[in-house]
Amino acid sequence: EAGVVQSPRYKIIEKKQPVAFWCNPISGHNTLYWYLQNLGQGPELLIRYENEEAVDDSQLPKDRFSAERLKGVDSTLKIQPAELGDSAVYLCASSLDGQSEAFFGQGTRLTVV
Amino acid sequence: TQLLEQSPQFLSIQEGENLTVYCNSSSVFSSLQWYRQEPGEGPVLLVTVVTGGEVKKLKRLTFQFGDARKDSSLHITAAQPGDTGLYLCAGRYNFNKFYFGSGTKLNVKP
Numbered sequence: 001e002a003g004v005v006q007s008p009r010y011k012i013i014e015k016k017q018p019v020a021f022w023c024n025p026i027s028g029h030n031t032l033y034w035y036l037q038n039l040g041q042g043p044e045l046l047i048r049y050e051n052e053e054a055v056d057d058s059q060l061p062k063d064r065f066s067a068e069r070l071k072g073v074d075s076t077l078k079i080q081p082a083e084l085g086d087s088a089v090y091l092c093a094s095s096l097d098g099q100s101e102a103f104f105g106q107g108t109r110l111t112v113v
Numbered sequence: 001t002q003l004l005e006q007s008p009q010f011l012s013i014q015e016g017e018n019l020t021v022y023c024n025s026s027s028v029f030s031s032l033q034w035y036r037q038e039p040g041e042g043p044v045l046l047v048t049v050v051t052g053g054e055v056k057k058l059k060r061l062t063f064q065f066g067d068a069r070k071d072s073s074l075h076i077t078a079a080q081p082g083d084t085g086l087y088l089c090a091g092r093y094n095f096n097k098f099y100f101g102s103g104t105k106l107n108v109k110p
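Protein sequence lines, in the order shown, are assigned to chains A and B. Residues 1 to 113 in the working numbering are what the first sequence spells out, letter by letter. Residues 1 to 110 in the working numbering are what the second sequence spells out, letter by letter.
Treat the hints as calculated values from the structure; they're not laboratory data. Computed from a predicted model, the values in this text were never measured in an experiment. Take these hints with a grain of salt, some might be off.
What the hints assert, rightly or not - Not the full set, but computed from the structure, chain B residues with beta-carbon under 8 Å of chain A:
#	residue
1	Tyr22
2	Glu38
3	Gly42
4	Leu45
5	Thr48
6	Val50
7	Tyr93
8	Gly101
9	Gly103
10	Asn107
Heads up, the beta-carbon is just placed ideally off N, CA and C, and yes, glycines get one too.
Just need the whole structure built from these sequences, with the hints factored in.
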């Protein structure tokens, strides 16, 4: 069974440019998470979806970050415009429901120069 | 502010030594998970503990959940270089909120 798939694996962009990350969760998983992880730190939750509804986006910087999960399956996370401090790994995870174990993708490493 | 505090932040030991990593919070978890993450990869789930006082073993790794479900520990016996990585605890609060600790970076030297 395929795990959580994220793309791209790596992205280098100039500051002020837009960037988008894509996540395909495990089939049948209703809950999807986006996390931000700085080097050597624990992941920090950005947004959590239950199906297509964003049920926890309190940590998402809404002035520049946006996310969507159309049809309750794939999800995209966008940053516009990117800033130097956005350089980090962006992790996507999914679980059967909001109380089940979460499984992670490999992440997208973003470097803003 | 981290809801879960892990200690130590860094740990460098020799192969064969034992070690314990701690995860603490002032809040009660409905469940707690331990993950291990290698560079360039996403976290990989090691174990989930749910019941206060629960102890689970995974080969040389022993996980314990505190009686009050506010803390947890991970003990590794006879550490090996392959155990090197970032160990993360993650707690579930109020059933739907799921947050990670700050992580413990373990380096096991041959």
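Grab the minimum C-beta distance from Thr48 (chain B) to chain A and call the hint holds if it beats 8 Å, violated otherwise.
6 Å, holds
Tell me if Tyr22 (chain B) is really an interface residue toward chain A, meaning its C-beta lies closer than 8 Å to one of theirs.
For Tyr22 (chain B), the interface hint is violated, since the closest Cβ of chain A sits about 14 Å away, which is over 8 Å.
Interface hint check: Gly103 (chain B), Cβ to nearest Cβ on chain A, cutoff 8 Å. Holds or violated?
Where the cut-off is 8 Å and the nearest Cβ of chain A is about 5 Å from Gly103 (chain B), the hint holds.
Hint check: 8 Å Cβ-Cβ cutoff, Asn107 (chain B) to chain A:
12 Å, violated
Less than 8 Å between beta-carbons is the criterion; does Gly42 (chain B) satisfy it with respect to chain A?
3 Å, holds
Does the nearest C-beta of chain A fall within a distance shorter than 8 Å of the C-beta of Gly101 (chain B)?
At 5 Å from the nearest chain A Cβ, Gly101 (chain B) passes the 8 Å test, so the hint holds.
Less than 8 Å between beta-carbons is the criterion; does Glu38 (chain B) satisfy it with respect to chain A?
Status violated, d = 10 Å.
Please verify that hint: Tyr93 (chain B), Cβ, nearest Cβ of chain A, below 8 Å or not.
It is violated, given that the least Cβ distance between Tyr93 (chain B) and chain A is near 11 Å, above 8 Å.
A closest beta-carbon separation below 8 Å is what the hint needs, so does Leu45 (chain B) meet it against chain A?
For Leu45 (chain B), the interface hint holds, since the closest Cβ of chain A sits about 6 Å away, which is under 8 Å.
Once the shortest beta carbon distance from Val50 (chain B) to chain A is found, is it less than 8 Å?
Given a least distance of 10 Å, the restraint on Val50 (chain B) is violated.
In this structure, the hints that do not hold are numbers 1, 2, 6, 7, 10, in rising order.
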